[in-house]
Amino acid sequence: MASLEEEFTLSSAVLSAGSEGLLGVEQSSKTDQFLVTDNGRTVILYKVSDQKPLGSWSVKQGQIITCPAVCNFQTGEYIVVHDNKVLRIWNNEDVNLDKVFKATLSAEVYRILSVQGTEPLVLFKEGAVRGLEALLAEPQQKIETVISDEEVIKWTKFFIVFRHPVLIFITEKHGNYFAYVQMFNSRVLSKYTLLFGQDENSVIESFTASVDRKFISLMSLSTDGCIYETLIPIRPTDPEKNQSLVRSLLFKAVVSGNTRHGVAVTVLDQDHIAVLGSPLAASKECLSVWNIKFQTLQTSKELPQGTSGQLWYYGENLFMLHGRSLTVIPYKCEVSSLASALGKLKHSQDPGTHVVPHFVNWETPQECGLGAQNSEQSRRILRRRKIEVSLQPEVPPSKQLLSTIMKDSEKHIEVELRKFLAIKQTPDFHTVIGDTVTGLLERCKAEPSFYPRNCLMQLTQTHVLSYSLCPDLMEIALQKKDVQLLQLCLQHFPDIPELVTCACLKIFLSIADDSLQETDVNMESVFDCSNSVHDEKMEEQTEILQNGFNPVEDECNKCDQELNEEPQAKTKETTSCPVIPKRAALLNAILHSAYSETFLLPHLKDIPAQHITLFLKYLYFLYLKCSENATLTLPGIHPPTLNQIMDWICLLLDANFTVVVMMPEAKRLLINLYKLVKSQISVYSELNKIEVSFRELQKLNQEKNNRGLYSIEVLELF
Amino acid sequence: MDAFGGPIWSMAASPSDSQLLVGCEDGSVKLFQITPDKIQFERNFDRQKSRILSLSWHPSGTHIAAGSIDYISVFDVKSGSAVHKMIVDRQYMGVSKRKCIVWGVAFLSDGTVISVDSAGKVQFWDSATGTLVKSHLIANADVQSIAVANQEDSFVVGTAEGTVFHFQLVPVTSNSSEKQWVRTKPFQHHTHDVRTVAHSPTSLISGGTDTHLVIRPLMEKVEVKNYDAALRKITFPHRRLISCSRKRHLLLFQFAHHLELWRLGSTVATGKNGDTLPLSKNADHLLYLKTKGPENIICSCISPCGSWIAYSTASRFFLYRLNYEHDNINLKRVSKMPAFLRSALQILFSEDSTKLFVASNQGALHIVQLSGGSFKHLHAFQPQSGTVEAMCLLAVSPDGNWLAASGTSAGVHVYNVKQLKLHCTVPAYNFPVTAMAIAPNTNNLVIAHSDQQVFEYSIPDKHYTDWSRTVQKHGFHHLWLQRDTPITHISFHPKRPMHILLHDAYMFCIIDKSLPLPNDKTLLYNPFPPTNESDVQRRTAHAFKISKIYKPLLFMDLLDERTLVAVERPLDDIIAQLPPPIKKKKFGT
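Chains R and V are the protein sequences, given in the same order. Mind the numbering: the first sequence is residues 1 to 718 in the working numbering, read in order. Mind the numbering: the second sequence is residues 1 to 589 in the working numbering, read in order.
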């Protein structure tokens, strides 16, 4: 979106501009510096960002500058013409224009043109063009006349097209306009007549031009307030013939034609033009930016003190005379994007420079300069900083690490990472870890053979990563079927999406026992089945006695008994784990992970039926183990809780009920589960009964403790 | 003095502290000159339409910003004229509210004015052009307070929803020098309006209608995450609000605008540890004494004999005589208070109730003789020349010979009441005194400081006692030093000279000086009570016997050898009396 920024004034009193305005504003060899030539005797070099003049040069009294000063980009010198024929060349060190290089030419100069990358050109009033070097070699050389009598140059511009200089100038004779295009590689001069079309009376006020591959697009602002576009071919079809060009209407009445001062137009970029003038006859002058493509007004700025009808545009700055002072209005056109419309910050990332860290650490905002002013840090910090400084080599370890990641071998990265983790408590620790992981994963993606497993495991164990920080990590681990890393991720990441949890589950269930045996899975959540079997085993009670008598036995109990024809098989099933311990450890990691039912359910349906049964069997086994001891917990460090087990059983059945029901081998399991639920219900109903009695007891206790507003108590003090 | 502008809504001292701005109800901003001896009116600024609710000086002192209703004015201090008037949008979520009150303004040195208003906005203005630069809508209710850090890289605002927001000046991208204000952290520690906020270099402090003062350390400024970095909530003033008449078993409660006198009940029953005994006589509400005028009560005291009550507001001092005839109480105000007894910071009666000690806000210490229904001014200890500090804590020895007085920083002065001269000065300590008392017989002055240190100073010998030296050498237990609230009252058991009874808001403690001191490895807090003999042996191995049975504890004192009186002030009762907070829509309700 194009926008004009806050204007600022370069000078107010220095320029003796007069009502005719300035002679010109030209770029100098430094980006921020501009040469301003006034209508009298002075050239001033301004630094725009500082808003101050860097140098000022004047010609002698009696002389007058006739052509705006330009910079020779090849040498860095400045060139000006005074009294039409006298050329002066000087540089920054010179003080007095009288003492600098002088060349008197044989013809009157219209303008000196200079652009980056080529030598300056001198355009004479008769239409002849010379390179500066050639001219200076022989200043008094004869200059031919190109244009006819009474034909006057109105405007000129110099382009570089395909590294070849192209000069265009417009002449006028009796209300007719002609365009001349001079190609310097072929020394061809082509002449075109500009036709007005229907509106013959208007006078062209201002020209501007831009160039693309084949055409020079010449835009002209006429007194009727309209902007017309004329396309002039760069390579003429027939250079000898005088050709006519028709202009087309680009904008209708953007400015009022009959202003006191002039109007001006300039091309900003391929889509935008700036127009200086008053929109209505009576209103104040203003600078407006129009979008050509959409024919819309993008922005405008009122200039109440009036202008001279001149407008220059160089490198994001629009120059104009506002009142009596030279005013600069920075122009910006940022590429509109959805992200910026939504207020999202865009990272400007220069290729080649070092990568901006993606992770903002809110806890240490000082690192980015805020802290530089922060003098109130405690002495403790200073002392620690000193120690750190003495430890650190010139390159911060984080940068070193990042560069290592990009090119070195796995072994080397591992060593470097270990070194870095040993120092650990740097303030930007989070940031560096985040960048390291992203770096590693990017390289993993680029080189399929590269898989720094140990590094990734170490990084995962730093506790600073999360899924959202590096979603690629689990993706790659899933690809490689690295169950060990997946287990670590499940243990350490708080925000794994259900889809990924489910993908992990699939791998954990499907991976072959042999390949599992080779891996080094963390087994702390799995208890040793062999010695826990007879520990604390509650008396197995087959029948539930309620208040001394047996309630009506459910029919299912009977059919269950029928099913259990081989009692040995049943005991075997309940006491031995259906999966090997390593797989059990992995499944426990799944049980511990956080999830939301709604999002998990659809993904659970994708798991093959035999895996579902296997998992259900394992869960049922866990449940039996749980209910074996009085506290309803599993032995071991960090085992799955009863709630987790129950929730997963419910989830699996919900997701795959129809499939499981149809499977003959799952029948016994389902019946067992049904019994399980029934026994749970009866346990809870018993608990509810007990709860009521306990509540009464608590109430009694509370009454005793309530002191009221005033009470006297006995207190034994020691 | 009167500013003649109606109620004063806002005040701000200039950065050089030589001038004071006052914003009044009638829309006038008045500038006063502050001289060491007085405040003098200098001039009026351009009168505004409506009341001036907030004021802020530019750090250079050349301009001020004044928040009014619907707009903010920027004044030039030299000319007194308004340079800019910045209109605040009344719109609130598309609905036009009746008025937008600018509750707070802050003027930064780069010319930015930050305003907070009743529409829930925090806005940034350019004071040079008078334009709105940025607006943050942070609350559905009023944003009531703002405080800027000295470095101007962060500020804090408090809202009527009880939320405190932290804003920081952070770079736009990680390496750019361009910075912008970003709302970084919200904190919800209050249930009611946050009326005021402050920004220290390392923490945010907020205070609100819910009577809490919350200190929230900024974790990025805290290098080591120790106890100092913990959040603190302070509920009660760190002062004694209750006094006790031991002889008549009376308690005098000090409220903001009234005093209440209660007689304690009694029981004839006995019981074992933990029992609540049946009352034979309930506590009686004897007296409700309302102050005249709008001023708050600063301090109050009842004499040990129960026949005198004295209290003071910001400008007046009152003394009452109580006569007890069976169950009737006869209250008589002692009239014709002398002019010097205008306002007191602390009042204390001597143990025999014959003398009244008044610490005036001018720094002088008056001794008044009381007899029958009359009084006589005995003496005034004038403040040390060159100091203006007023005494805010007093302690008198039970034998009536010594009077100790402490200000906020300059140490404790001990006066000889018989000879009416300064006896000695306890060396100044870095932290203010929060409580002190003189032990009977030994005349040891026990002083508790806000950093939880306790000293014992022998007045006759003019040096710290051996026990105090031992304690200092040994150091206090780390848990003792980490307590949140200061000790607000110290008392002694007349028969047990080795015991010191002291309390803060969450515990009371008996220090037994005869026992060894605890070191950091021993258990400081003993679960209460000991169950058997061996337990007692093991647990009473150190000098600090702490009980947390009553909390929050407002007052605890020894009535007689066998009776302690403790006053709890449950937070629920305070909250029940507060106006309801702004109702927040919770999910699903």
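No lab work stands behind these hints: they were computed from the structure. Remember, it's a predicted structure, so these values are computed and weren't measured experimentally. Keep in mind that the hints are not guaranteed to be accurate.
Stated by the list, open to error - With a straight-line cut-off of 30 Å between C-alpha atoms, the simulated BS3-like cross-links for lysine-lysine are:
| hint | chain 1 | residue 1 | chain 2 | residue 2 |
| --- | --- | --- | --- | --- |
| 1 | V | Lys545 | V | Lys473 |
| 2 | R | Lys214 | R | Lys191 |
| 3 | R | Lys47 | V | Lys221 |
| 4 | V | Lys221 | R | Lys419 |
Among all the numbered hints in the text so far, which are the ones the structure does not match? 3
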